[in-house]
Amino acid sequence: MDESGSPVLLEHLFRRQAGRIVACLAVLLGTGHLQLAEDAVQEAMLGAAQLWPLHGVPASPEAWLFRVAHNHVVSALRRRASFERRSEALIAALEARTAHCGRVPPDELDTEQHLRDDELRMIFMCCHPSLAVEARVALSLKLVAGFSVGEIARIFMTAEETIAQRLVRAKRSIREQALPLCMPPSAELPARLDSVLLVIYLMFSGGYAVRGVEGLAPEQVCPEQVCSEEVCLEALRLGRLVCASSISAPRAEALVALMALQAARLPARVDAAGNLVLLEDQDRGRWDRDLIDLGFRYFDHSIAGEEVSEWHVQAAIAATYARAEKAESIDWPAILEHYDHLLERTGSPVVALNRAVVVSKVHGPDAALRALAPLAKESSLRGYHLLPAVQGRVFAQLGRVHEAAAAYRAALECACAEPERRFLAARLAELGGA
Amino acid sequence: MPHYMLLLHDDRASLARLGPEEMQRALEKYVAWRKKPFVVDGRRLNEQTGKVMQKRNGSVTVTDGPYTESREVLGGYYTIEAVNLDEALQLSLDHPHVDFGSIEIREVMPPAG
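One line per chain: the protein sequences are A and B, in this order. Residue 26 in this note's numbering sits at position 26 of the first sequence; the count goes up by one each step and never skips. With the second sequence counted from 1, adding 434 to any position gets you this note's numbering.
I should point out that these hints are in silico values taken from the structure, not numbers from a laboratory. In this text, all values refer to a predicted model and were calculated from it rather than measured experimentally. All C-beta atoms, glycine included, are put in the ideal place defined by N, C-alpha and C. Accuracy of the hints is not assured; some may be wrong.
Which chain B residues face chain A? A few, computed with CB under 7 Å, are given here [what the hints assert, rightly or not]:
1) Gly-453
2) Pro-454
3) Leu-461
Kindly generate the complete structure, drawing on both the sequences and the hints.
See the structure below:
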């Protein structure tokens with residue numbers, strides 16, 4: 001930052017540029033040299049961090065980073081050239097391609113298109129169905145979105161070591177299977193696109209999850225919170241990148257709509273004291289209007305065709321919430337209809353749990369209790385704090401305070417983030433020692 | 435006003451561990467610090483090239499340096515103005531480099547007379 005407090009570089013320039021350079025280099029070098037591409041980017045950023053503060057920021061930081069990363073690759077390949085015959089050919093290819101990546105001003109149109117294509121290829125490789133789902137998410141965050149291992153670990157509340165190993169295994173698997181960095185053939189495209197959309201949404205929901213903000217005054221910025229919002233916006237960016245390409249489909253637009261409408265609520269999700277605010281109690285004035293508009297634009301576009309996907313139904317739910325001017329005017333019956341539809345499509349116990357909340361709005365707590373009953377036997381919901389939390393709420397509405405208190409206590413015994421814990425403890429306290 | 439030199443020893447490993455976003459944030463902090471009014475000058479030392487000369491048994495031996503194998507390498511320096519060492523130290527306490535290595539503060543002696 002300079003004296004006026006404004007940043008020297010464009011916001012997220014390094015992170016954005018890291019993904020692009022890795023993609024550009026990896027497309028050229030092949031996935032066998034993925035690590036070299038990553039090292040080169042790291043080397044370039046390190047050089048910049050050390051040099052620029054003292055010797056000034058270059059006129060085009062993007063091109064500088066590209067050039068230094070490129071040079072690093074060339075010299076690494078030169079060292080190997082004597083015992084690896086392919087290196088010479090790779091160096092020649094790199095030199096030819098530098099015209100596209102490094103030297104040309106990055107805002108020039110065909111360069112921009114080139115970079116986007118490389119990025120898209122990279123996304124499809126990271127989301128290859130032969131990789132485990134959690135590996136796809138970690139790879140996409142690392143290689144495409146430019147997040148560090150530490151940041152990814154914080155987002156998914158996992159140990160850094162676990163994420164690091166996951167990435168190492170995934171990259172080994174990419175090498176061994178020689179996964180290509182190209183767009184999938186048209187016969188495979190629908191399934192491959194589904195994997196990409198799923199991974200983008202898993203990134204988004206990883207960022208969206210409520211995080212602990214213990215020990216921080218509300219006005220303090222929690223780095224995890226900031227980082228997780230960045231993940232949401234990055235997922236949104238990748239979704240839009242897919243939509244802008246020739247392989248887009250209405251379900252991709254529906255996913256972007258869903259993410260935009262949900263991300264719009266991020267600023268209102270926690271109150272000034274850092275406490276969790278339920279959707280219906282949120283101050284709608286704090287919702288991000290631009291994201292809501294964006295969400296509706298994509299949503300309207302997504303429903304123009306014949307296709308109805310799970311993303312469409314989820315987006316329809318988010319759109320119904322967003323359309324209500326105030327909490328009292330939320331169209332609960334419409335939301336319930338969407339949930340019925342979603343449950344039918346997915347059979348997911350988590351969807352069933354969310355549906356039960358909506359049932360209580362439409363048909364009252366007795367009906368909600370009946371909807372919740374079969375979920376107690378679901379093994380996938382065992383230890384999930386929201387099941388007893390919803391049970392507690394329904395019991396409280398029915399005036400069955402002892403059962404409500406028992407349910408809230410059970411919820412507090414599950415793993416959950418600090419703001420949620422405070423929320424549950426406050427509900428328990430309201431029951432007056434029952 | 436006396437000049438003080440801040441000699442920055444890099445712990446490459448700790449900076450290299452950062453992700454791009456963290457790296458950019460670190461860079462912004464360094465840039466901001468460089469612009470403080472008491473900073474006179476600052477330069478980075480080239481780490482790709484360097485030699486170390488020593489006289490051993492009567493003859494000068496030249497080896498490649500800097501000591502890339504050692505954990506901390508002198509990576510650059512700043513010159514700052516301060517009334518005394520204590521003030522120089524106080525002014526430098528918030529230098530972002532302390533997160534990524536060590537800083538040695540030394541007074542630059544004025545020319546005699």
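Q: Would you settle whether the hint for Pro-454(B) is holds or violated, based on the nearest Cβ-Cβ distance to chain A being less than 7 Å?
A: holds (4 Å)
Q: Grab the minimum C-beta distance from Leu-461(B) to chain A and call the hint holds if it beats 7 Å, violated otherwise.
A: holds (4 Å)
Q | Agreement of hint Gly-453(B) with chain A interface, Cβ distance less than 7 Å | A | Status holds, d = 2 Å.
When held up to the earlier numbered hints, the structure conflicts with none and fits them all.
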